[in-house]
Amino acid sequence: MDFWSRLLAHTPLASASSRRDFAKDPARRLHRFEKEYSQLLHIWRNSSSLAHDDEAAEQIEIRLQELTNLLSDESRRPLPHPCIAFAAAKQVYIPVAKIATSSFNEWIVKEAVLFFASLIESEEEAFVENDAFAVSLTNLLVRITGTNSIRLSADTESRVVELAFNITTKIRLNPQILNAWFKSQQNGPPTAKQLDDREKFAGRTQKQDFPLFYLLVDYIHHEGKVGDFARTGLLYIIEAASSSVMLEQWIVESDLSTLMATGLGALYSQLSRKLVIDHPPNELPPILAFSDYQHPKSNYEIVSSCSFEFQSHLDTFLSNLLFWQDVLNHCRSVEVKSTLLEHFQVIFLQQLLYPSLLESSDVDGGSSVAVLTYLRRILESLDHPDMVNLILHYLLGLPDIAGPVSAKSGDKVSAARKRKSLDLATMMASKGEAAADPLLFNLVDLILACLRSQNSQTVYVTLQLVSVILKRHHRYAVITLLYTEGVLGESQHRTSGAHQQEVEYLMSLAGSVGGQDNFDEIYDNILKDTLVRLENHPCSIRLVTPRTSTHNHKLPEVPDGLPGAPRDVRSHTLHPSDPLLNIVLDRLETFFLNPVDINLALTETIFDLAVCGFMHLEGWFMRSPQTYEYDEEDDSPPLPDPPLDPDSQEYIEYKQMQSMRESRRRPRWTQSSLPRLLKTLQTLCDQVVAYRETVPRFDDLLQQRREAFQIADSASQPLPLRTRTPVSQASTAVASTSTIDRPAAFDDSRNTSRERPSGLEGFAQRILSELGTPTRSGSPRAHTKDPKRTIPDRATSGPPAPTDTPLRPPTQAGRSFSPGRPITPSAPDAFASQTKAFQAIDQSILARRVGLPEFKNAKDSQLEPISLSFDRQRTAGGVSASDEKLAADEEAKAEEGGGEDALLAPSEDEQADDDNNEGDDAHADGGTPTEDKTVSVSHVLTNVIVLQSFLFELASLVQVRAGLFDEVRFA
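Be aware that the sequence shown starts at 1, since it is given in the UniProt record's numbering, and climbs by one per residue.
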């Protein structure tokens, strides 16, 4: 060997090449494996205690790591695999498991777990099906996770649960593997016969049959990856019960249902008993920021809904609840499902959830707010029909109906479930806990009582709960929460003339609010959203599903085999005396004094009452056809004389034409025929007119508020570079009336760049620069027919007259001094001075407090407003000298008191009055004290925008339903 050859022989490159050659040689790999295994056994046998011998423990860890690396490397190489075969033949895993369990060393335990994982992943030698392998691994897992074991780190614990999950994956793919891991003791050890009922109920004799099962059960409540592995692995085992009657019976008799129910109850008990609904200061929705919203007070007992700790506890509880749902979805055994649901009802519903609802109160700091919020989140999260039916069936006090008994699994499983039910009843009786009876006070009673509460937060969360029930579980509401009447035939549908008249009336109400936005585009977006909401309602599937055959006109049936569940919804209407409807309308009457979030919930509830395709609007929303009265004179051209032969085709066509002509006639518009909802909406629009006539610069301030919402919406969206051009007047900033999570819808096409932002815009930019308002959800429909919309100038007591004028109220006469409009660059100093002065005026007006307008004469819908303590001094062409003096005074106050922000805040006396009025939103009878209640003009402006958007949504609802559900009679 020359010099270069000897040099290369000792370089790292040569060593690496040697290792690669060694790895390719199966014989050399096996020799290395046997050597490492022998050293492992030698070190273990010569060490008295690995827990106290650090050097020996370290050597054991190194040897185990080397064995694992050899197995993993070999499994990726082509056959043969002598190391894996040697491990199977010599049962290497048995001493490895004993070493790990006796070491009390986490590093050794971790390497042993990896060693077993490498054997399982090799998918050779049938390790998972081997009884000795299953016993060794089971003993290892039980010992290292038991009560007397060492505390494992999060990483090691995750690897342990992942290893158990990998085994359940193998069982799911090959159910025959189950025999090696599940050993049912049919007769049980002699000591088991001596256990009392409590110990049998706790499953003392079950764990030794299936230790892997209980290992996963212990980790199902953990967060993160550990909990995911445990829950999914347990689902795979429950799914495998369908192929093993013995396992099915064992699961029924085990304490799985008990552990799951008590675990869910423990997580529910960790939730705060008292709660206030709030938003983080830096994430307050713009629609609340521009109102009189005040953050509620929280302390050590009353928790805020936006606190991190509360959100963490609530998320953990809901994730465990969803695990219940996943278990029922994966379980194919009727007996296992019945056992789980029975324990869910007895342990969770009867012993925890219903008592918390029964004991709640809105005068003790928010316990009603808490439990109603939890119930709402539960009903929002669940969609499994069995769980939903069980919860609502019990809480609403529906009568129990015994379901059919299934005998698919044989008599053994059925007998086991009966024994488990008896054990459950015995345990509850031994605790002395009698089941609460919802027949005396059910969820409907609680909802109606909370809607009459004086606590605004209680009213808000109750309305949210009602909306969830109406949207997701409407068939339960029809027979319990609502006072409904059945409707037969199509004779109760409104005529085409009445329909067109009522749509125009709602549009005229929306137009009377005023504004300069692109309402055509706004209404088109609302139409698309309404169509999506109607189609997605659970009751509408039988109405919107296309028929499969032209000869089969029967609606598709929705399968439903739930015992005690309500029948499918039939055609019905809401009785005008319905308590829920009237309480909601009582709240609606004080719309402008209500908190904005209350109004959002109110409008959402009213909308949800009318979404169901089987709910007829006539009588409580629209005029009833029985109240139609027509004028004797008919302006339409007369029809030709009828044919003489009544049996002829011409006579039949004549009668059809006459019927169609009659349906197109518009009934006489009288206040006595209007439902209370339409009357209330008319009153609210008249109140807007009164505010416009008494509040200085009302229209300008209202337009600024729309633009402020536009700025808040665009703050979270990147703006394209644009040249400075005058601001377009077609800004779309109508606030949404559905939920707080959907506060506004804006038109992104509006140019938001301006020379000088107004005082309100600057304030909005400062406090909302990091806020984003979600935009309106888009419709999956690519095209929606653009309706013909007309609007009169002013809503009057008579029917709205059709016109060809687009839906765009006229602008105010005279020059506007609104800071939100473009300013010409001429005389910049003078305009800057004027702008600052009028900013001070605007902020002063916004901070003033007003009540509801009072009317001298209540003549149908023509209501004459009186003064709201404002002195109207505006002129048609500008402002008066008094306004200029007021501007100078307010400007001086702004400079002394801290600028624009100080002007936005009410005075100390006004703030004290507001604090005193807080919480007095309603009497016990559902009314609202309005004599002394006042709010800021800024609050009123936000509610005005909410009202206008709500009117558009109601008009779209009536229009879309007419085409989607064939609700209009044309003949």
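You may find that some hints are simply not true.
What the hints assert, rightly or not - Now the in silico label distances, taken between C-beta atoms and shown as ranges: (1) Asp383 to Ser243: 22 to 28 Å; (2) Lys24 to Ser48: 38 to 44 Å; (3) Asn299 to Pro175: 37 to 43 Å; (4) Glu632 to Lys679: 49 to 55 Å; (5) Phe308 to Trp107: 19 to 25 Å; (6) Asp315 to Lys337: 22 to 28 Å; (7) Leu440 to Glu129: 29 to 35 Å; (8) Pro625 to Asp315: 47 to 53 Å; (9) Glu34 to Phe308: 54 to 60 Å; (10) His52 to Lys337: 36 to 42 Å.
Quick caveat, the hints were computed from the structure, so don't treat them as lab data. Glycine residues also receive a C-beta, built at the ideal position from the N, C-alpha and C atoms.
### Query
Falls inside 19 to 25 Å, the C-beta gap from Phe308 to Trp107?
The hinted range 19 to 25 Å is violated for Phe308 and Trp107, with Cβ atoms some 34 Å apart.
### Task
Note whether the CB distance of Asp383 and Ser243 lies within 22 to 28 Å or breaks it.
holds, 27 Å
### Query
Glu34 and Phe308, beta-carbon distance inside 54 to 60 Å?
holds, 55 Å
### Distance restraint evaluation - Glu632, Lys679, Cβ atoms, bounds 49 to 55 Å
violated, 26 Å
### Query
Does 22 to 28 Å hold as the CB distance between Asp315 and Lys337, or does it fail?
holds, 26 Å
#### Entry: Range hint compliance [Cβ, His52 to Lys337, 36 to 42 Å]
violated, 51 Å
### Query
Between Pro625 and Asp315, is the Cβ distance one that fits in 47 to 53 Å?
holds, 50 Å
#### Entry: C-beta pair Asn299, Pro175: status relative to the range 37 to 43 Å that was hinted
violated, 55 Å
### Glu129 and Leu440 - C-beta distance against the hinted 29 to 35 Å
violated, 57 Å
#### Entry: Lys24 versus Ser48 beta-carbon gap, inside 38 to 44 Å or not
This hint holds: roughly 41 Å between Cβ atoms.
The structure shown violates the earlier hints numbered 3, 4, 5, 7 and 10.
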